[in-house]
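Sequence order for the protein chains is A and B. Per this note's numbering, the very first residue in the first sequence carries number 1; after that it's consecutive. Per this note's numbering, the very first residue in the second sequence carries number 1; after that it's consecutive.
Hints in this document: simulated from the structure, not taken from any laboratory. Since the structure is predicted, the reported quantities are computational estimates derived from the model, not experimental observations. It cannot be assumed that every hint is accurate.
As the list claims (entries may be wrong) - As a list, the in silico SDA-like pairs of lysine to any residue whose alpha-carbon atoms are at most 20 Å apart:
(1) A:K119 with B:E171
(2) A:K207 with A:T154
(3) B:K27 with A:T154
(4) B:K27 with A:R69
(5) A:K298 with B:L48
(6) A:K119 with B:K27
Unchecked claim - Have a look at the derived ranges for each label pair, beta carbon to beta carbon:
(7) B:A284 with A:S115: 40 to 46 Å
(8) B:G84 with A:G75: 40 to 46 Å
(9) A:T30 with B:R106: 38 to 44 Å
(10) A:I228 with B:G241: 27 to 33 Å
(11) B:G158 with A:E240: 51 to 57 Å
(12) B:G84 with A:Q261: 18 to 24 Å
(13) A:S115 with B:G50: 52 to 58 Å
(14) B:G50 with A:D89: 28 to 34 Å
(15) B:G241 with A:Q63: 31 to 37 Å
(16) B:G158 with A:Q261: 44 to 50 Å
Note that the Cβ used here is the ideal one computed from N, Cα and C, for glycine as well.
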Amino acid sequence: MSLYILPKERLPGFVESLRTGFRVVGPVRTETGYAFDEIRSVDEMVLDYPTTTLPPKKYLLPQREVLFRFHSETGENGARRLDVQPVFDGVEPTVIFGVHSCDMHGIMLYDKVFSEGYKDEHYLKRREQMVIVGIECLRPCDDASFCKDMGTLTAPPVYDLHMTAVDDDYLIDARTEKGERLLLDYGEAHLATTDDIRRLSQTLSAKWPNFRLRLKMTKDQLPSLMTISYGSHLWDTLGEKCLACGSCTNVCPTCFCFDVQDEVELNMTDGERARIWDSCQLHEFALVAGGHNFRASKASRVRHRMMRKGKYIQQVHNITGCTGCGRCQRACLAGITVPGTFNALYDEIQIDVKPVGGA
Amino acid sequence: MTDTAILDTTTATRESNNGHGSIYLPKIAQVVDVKTETAFEKVYTIRLPGGENLGQRPGQFVMVSLPGIGEAPISVMSSPSRTGETFKLCIRNAGDLTGVIHNTVRPGDQIGIRGPFGRGFPIEDFKGKDILVAPGGLGMAPARSLIDEILDHRADYGRLIVLYGAKNPSEILFRDELRAWRQRDDIELLVTVDRPDENWVGHIGVITRLFPRVQINPFQTIAVTIGPPVMYRFVVMELLGKGLTPDQIWMSFERRMKCGVGKCGHCQVNHRYSCQDGPSWTYAEALAFEEAL
Chain A
1 MSLYILPKER LPGFVESLRT GFRVVGPVRT ETGYAFDEIR SVDEMVLDYP
51 TTTLPPKKYL LPQREVLFRF HSETGENGAR RLDVQPVFDG VEPTVIFGVH
101 SCDMHGIMLY DKVFSEGYKD EHYLKRREQM VIVGIECLRP CDDASFCKDM
151 GTLTAPPVYD LHMTAVDDDY LIDARTEKGE RLLLDYGEAH LATTDDIRRL
201 SQTLSAKWPN FRLRLKMTKD QLPSLMTISY GSHLWDTLGE KCLACGSCTN
251 VCPTCFCFDV QDEVELNMTD GERARIWDSC QLHEFALVAG GHNFRASKAS
301 RVRHRMMRKG KYIQQVHNIT GCTGCGRCQR ACLAGITVPG TFNALYDEIQ
351 IDVKPVGGA
Chain B
1 MTDTAILDTT TATRESNNGH GSIYLPKIAQ VVDVKTETAF EKVYTIRLPG
51 GENLGQRPGQ FVMVSLPGIG EAPISVMSSP SRTGETFKLC IRNAGDLTGV
101 IHNTVRPGDQ IGIRGPFGRG FPIEDFKGKD ILVAPGGLGM APARSLIDEI
151 LDHRADYGRL IVLYGAKNPS EILFRDELRA WRQRDDIELL VTVDRPDENW
201 VGHIGVITRL FPRVQINPFQ TIAVTIGPPV MYRFVVMELL GKGLTPDQIW
251 MSFERRMKCG VGKCGHCQVN HRYSCQDGPS WTYAEALAFE EAL
């Protein structure tokens with residue numbers, strides 16, 4: 001696959017060409033900020049956006065997704081008869097346009113979660129129909145983001161096309177055949193010249209200093225930090241602040257936990273089983289029949305979320321569990337932040353070394 | 001148990017479940033018999049489509065569905081040795097789904113089954129050893145899957161010791177089997193109840209009261225304890241006191257499995273998914289979890 005160049009003025013035409021065969025989703029302005037939404041006209045899309053309230057995960061793992069439909073009836077002999085038919089929701093050719101590198105890291109994790117072990121065909125069928133077009137971040141979204149710390153400032157290999165704005169052009173990396181074919185079908189993109197690639201390199205190297213570091217440790221130290229901090233009293237402090245609203249997990253690109261619920265139609269015989277985003281921050285999450293709750297306190301639930309972000313996901317999937325996107329910080333009504341938590345834990349374990357004799 | 005062995009188990013399970021296209025779609029099974037065991041527990045005999053063998057190992061569980069009500073994890077009571085065209089589940093009336101099952105499901109009714117899930121107990125590693133099984137309350141149901149397997153391949157194992165604790169005499173499960181076991185000289189059975197009634201002539205007190213009554217060879221013994229979380233810390237103390245090391249002690253953790261396939265997050269114990277890596281763990285593994293007990 002190769003690097004291509006497309007003049008910025010040609011981008012609307014490219015997006016329009018995609019719309020003939022795909023549902024095109026991209027960042028659009030809303031009353032309160034930006035959101036990934038279906039693009040009905042090209043000028044709605046804002047590629048130079050700071051961040052969206054929700055990551056594009058809603059297209060990969062919809063907030064509510066039907067898994068199967070069922071029919072239940074009483075047969076002639078009075079016995080209950082069942083029929084179940086699988087449903088694969090939201091499987092349609094979709095281009096997700098303008099995905100930041102942090103969110104691509106989230107998609108990379110989802111791809112692992114839903115393909116490793118038991119294959120989740122509901123996710124995978126949707127994913128197969130999906131084209132990811134990334135956009136290179138050249139400056140931080142805002143003060144909440146800490147992608148540089150989390151190593152998510154570089155696009156991971158989940159995109160089909162990845163665009164970098166360079167002067168009046170987009171330099172586009174076609175990573176997959178599927179992406180390259182779409183670009184070539186449009187006909188206005190050309191192979192990047194040596195000079196184009198030099199301009200791209202300059203842009204990429206110039207962006208790095210624009211991002212600041214917020215963590216006092218490296219991401220590779222996080223699993224160890226979380227291990228020794230399991231018994232920290234900070235969890236009690238955070239538990240007192242936390243409102244257990246679940247906003248943090250809703251907006252998180254690496255949260256994928258779900259509840260499963262049945263809904264019956266008014267005829268009482270037909271219905272569907274669906275999965276719905278769930279949150280480990282809610283009281284009922286680890287409650288079992290009989291009434292025992294394995295995470296009854298807010299402190300234990302905040303800790304579980306932070307442990308997942310800093311350690312558990314790394315242990316299970318070998319990918320850092322936090323993308324540093326900053327969304328949970330923006331969404332938290334209690335002012336709890338991931339970098340603030342990691343840094344406070346780090347401070348707790350420092351030995352205050354004073355020079356002998358004192359000063 | 002080695003990591004490779006764990007991997008082998010789960011791979012085998014996965015293959016047997018990939019025929020549907022959806023890992024969440026239950027097989028439509030038929031209830032062929034319902035037997036009332038106690039005031040709270042009934043035993044359901046279930047037949048998969050075509051009489052397919054469930055193919056479980058002792059200690060695994062299935063997800064039981066009543067579409068419109070929901071789905072819940074239930075331990076399989078049948079040992080592999082007693083699983084042919086049907087298998088048994090002992091279900092306690094404890095929640096929304098199990099309440100409806102108790103009240104409405106009759107022989108002839110269809111229900112949904114997914115699984116088996118979990119890694120179960122590594123019975124290959126148990127062979128040649130003395131096995132001490134210590135179930136409390138409903139833990140006797142999954143314990144049956146192991147006890148019956150041993151009884152049906154009796155020569156493959158050493159001593160079989162069963163120490164069973166129930167709250168009161170009316171909650172004792174499988175009285176017929178217990179009676180039959182008492183007649184055998186190749187199973188050592190002790191039963192205790194916390195709260196005896198006027199007719200009770202057996203042991204009285206919590207399950208740990210039974211441990212001083214048996215002697216074991218700690219070099220030769222594997223212990224398996226299944227019961228409510230509160231029971232484990234006391235039973236484990238007894239077992240450690242008998243000289244067993246933490247990796248000779250197996251236990252089974254109840255968690256709220258919603259998917260059974262390691263995705264939904266509900267059953268996580270620290271970073272591990274009970275539905276995949278558990279629900280049976282050695283005490284040595286449990287010691288590495290802060291969230292285990």
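The hints, checked one at a time:
| no. | hint | result |
| --- | --- | --- |
| 1 | A:K119 with B:E171 | 41 Å, violated |
| 2 | A:K207 with A:T154 | 11 Å, holds |
| 3 | B:K27 with A:T154 | 44 Å, violated |
| 4 | B:K27 with A:R69 | 13 Å, holds |
| 5 | A:K298 with B:L48 | 42 Å, violated |
| 6 | A:K119 with B:K27 | 17 Å, holds |
| 7 | B:A284 with A:S115: 40 to 46 Å | 31 Å, violated |
| 8 | B:G84 with A:G75: 40 to 46 Å | 26 Å, violated |
| 9 | A:T30 with B:R106: 38 to 44 Å | 53 Å, violated |
| 10 | A:I228 with B:G241: 27 to 33 Å | 31 Å, holds |
| 11 | B:G158 with A:E240: 51 to 57 Å | 53 Å, holds |
| 12 | B:G84 with A:Q261: 18 to 24 Å | 35 Å, violated |
| 13 | A:S115 with B:G50: 52 to 58 Å | 30 Å, violated |
| 14 | B:G50 with A:D89: 28 to 34 Å | 29 Å, holds |
| 15 | B:G241 with A:Q63: 31 to 37 Å | 52 Å, violated |
| 16 | B:G158 with A:Q261: 44 to 50 Å | 48 Å, holds |
Comparing the model with each earlier hint shows violations of hints 1, 3, 5, 7, 8, 9, 12, 13 and 15; every other hint is respected.
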